[in-house]
Amino acid sequence: MKLSIIIVNYNVTRLLRNCLLSIQKYTEGEDYEVIVMDNASTDASWGDLIPEFPKVRFISSEHNDGFAIANNKAINTAAGEYVLLLNPDTELEGYYMKDLLDFADSKADFGCLGVRMHDAEGVFLPESKRSVPDMFNSFEKLFTNFKRSNSKSYYRSDIEEDDIAEVDVVTGAFLLVKKDVYEKIGGLDEAYFMYGEDIDLCYTLLRNGYKNYYYGKASLLHHKGESTIKDEVYLNRFYGAMQIFIDKYYRESKPMQYSFLKAGLKLRHKIEKIKLK
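Each number in the numbering used here comes from the position in the sequence shown (counting from 1) with 195 added on.
Derived by calculation from the structure, the hints in this document are not laboratory data.
Check each hint, because a few of them may be wrong.
Computed Cβ-Cβ distance ranges for the label pairs, DEER-style [said to hold, decoys possible]:
hint, residue 1, residue 2, range
1, K406, K293, 16 to 22 Å
2, G404, K220, 34 to 40 Å
3, A315, K465, 41 to 47 Å
4, N271, D353, 33 to 39 Å
5, D243, D297, 34 to 40 Å
SDA-like, lysine to any residue: derived pairs with alpha carbons at most 25 Å apart [stated by the list, open to error]:
hint, residue 1, residue 2
6, K457, E356
7, K412, G381
8, K197, G381
9, K406, K465
Note that the coordinates shown come from a computational prediction; the quantities given were computed from them, not determined experimentally.
Ideal Cβ placement from N, Cα and C applies to all residues, glycine included.
All chains, full assembly: derive it from the sequences and hints.
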């Protein structure tokens, strides 16, 4: 089997149904499987989708242990040469899957690949193509609205939306990777509950000699934010994930950057908490 599409669901049945319909439409004739891991949803309505999509393999988790653990569990059961991590709040928008797989096959050092994402209003989502966080681009992202053009900023504004290019980081909302490579580097780091695990995976691939790619010729609808409640739990998980990343990679090897990033994350976290009140 060429491809296993992995979807982790949590309380988003309507969005998941649209996602599965888009896969059904745009991957017809391809050699693939779809595995949905329900991460202990409190809304049991996802079960209504089982008879509607008989070719999809649904797995139910007894506990919500987070995004990374759920994906790793699902991938352990996958039969595909490639795995595609796909968010349930996304929809494919074209017959491009074969092109993506052919592109991946053509790269001997292929790490992972992401595509051009936009929201429901058609606005491009800049997290489609990113740099690894460092002292300079993190300051830009955390504390300014300054968007440098033609530069290797955090959101790689030097790369056009419809380009095909090497990048450091793509988003876990759509992340294509070879299964054996994924397993070789240890999969998603299960220290992350939610957020940050895609950055870590991409950086781990780079550190192991692989190259990551942004494929802007293919587009994906991402209903960004519709499946996320922006509350204090969200903030703690998001900024906690960034703290895990800098602890792992910068604490010992780059102490100056570590101190700067730690202070910046702490300050920005406080600012966002104040905004909630």
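- Hint says 34 to 40 Å; check whether the CB-CB distance for D243 and D297 agrees. Since the Cβ atoms of D243 and D297 sit about 36 Å apart, the hinted range of 34 to 40 Å holds.
- Are K197 and G381 close enough, with their CA atoms no more than 25 Å apart? Given that 25 Å is the threshold and the Cα spacing comes to 21 Å, the pair holds.
- Query: Between K406 and K293, does the beta-carbon spacing fit 16 to 22 Å?
  - Reply: For K293 against K406, whose Cβ atoms are near 21 Å apart, the range 16 to 22 Å holds.
- Task: Starting from K457, check that the Cα of E356 is at most 25 Å away, please.
- Result: violated (31 Å)
- A315 and K465, beta-carbon distance inside 41 to 47 Å? violated (31 Å)
- Query: Given the proposed pairing of K406 with K465, does the C-alpha separation stay at or below 25 Å?
  - Reply: violated (36 Å)
- Message: Would the hint linking K412 and G381 be met if the CA-CA limit is 25 Å?
- Response: violated (30 Å)
- Item | Beta-carbon spacing of N271 to D353 - inside the hinted bounds 33 to 39 Å or not | holds (38 Å)
- Task: Look at the Cβ atoms of G404 and K220 and judge whether their distance stays inside 34 to 40 Å.
- Result: holds (37 Å)
Of the hints listed earlier, those the structure fails to meet are numbers 3, 6, 7, 9, in rising order.
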